[in-house]
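**Student:** So that you can map any letter, position 11 of the sequence shown is 11 in the working numbering, and since no number is skipped, the others follow by simple counting.
Rather than coming from a laboratory, the hints here were simulated on the basis of the structure. Keep in mind that the hints are not guaranteed to be accurate.
Derived lysine-lysine pairs resembling DSS-like cross-links, with alpha carbons at most 30 Å apart [said to hold, decoys possible]:
1. 16 <-> 35
2. 17 <-> 40
3. 21 <-> 40
4. 35 <-> 17
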Amino acid sequence: MSREQFLFVCAIDAYKKANNKPYPSWTEVLEVIRKLGYRKTCAMAVELNNCEDWTEASDAPAFPNATEAA
């Protein structure tokens with residue numbers, strides 16, 4: 001397991017314990033990922049139908065409000 005994978009597993013485990021939630025939703029998993037510092041800074045490497053690609057600055061806030069996200 002890489003350091004990155006181990007950090008992710010530890011973060012998810014901490015989230016589950018803190019929220020008494022054995023199975024976080026995908027939205028909650030994304031929340032944890034963003035709290036680890038990840039941002040969408042590159043174009044997608046896969047083709048997804050019905051999904052518009054976008055990027056953001058590497059220093060973008062983890063949880064922009066609705067007006068900042070637009």
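**Student:** Tell me the hint numbers this structure goes against, listed in increasing order.
**Tutor:** The structure conflicts with no hint, since it agrees with every one listed earlier.
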